[in-house]
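J.: In short: position in the sequence shown from 1, add 641, done, that's this note's numbering.
Think of the hints as simulated: they come from the structure by calculation, not from any bench.
Check each hint, because a few of them may be wrong.
[Unchecked claim] Derived DEER-like restraints, expressed as beta-carbon distance ranges:
1) E651 <-> M672: 30 to 40 Å
2) S642 <-> M672: 37 to 47 Å
3) Q671 <-> E651: 27 to 37 Å
4) L664 <-> R644: 28 to 38 Å
5) K643 <-> M672: 42 to 52 Å
6) S642 <-> N662: 23 to 33 Å
7) Q648 <-> D668: 22 to 32 Å
8) K652 <-> M672: 23 to 33 Å
9) F649 <-> K669: 42 to 52 Å
10) K643 <-> L663: 44 to 54 Å
11) R644 <-> E665: 24 to 34 Å
12) I667 <-> K645: 31 to 41 Å
Cβ atoms here follow ideal geometry from the backbone N, Cα and C, with glycine treated the same way.
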Amino acid sequence: SKRKENQFNEKIDELNQETDNLLEEIDKWQM
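Given these sequences and hints, build the entire structure.
T.: Here it is in structure tokens:
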């Protein structure tokens, strides 16, 4: 079902965004 797939992709996007944010925070700490 296409709708399920879309929901899944949205979740993945959210996770990627959160991961990016975390990596940025870690970068700051390592400065």
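J.: Taking the earlier hints as the rules, which of them does this structure contradict?
T.: 9, 10
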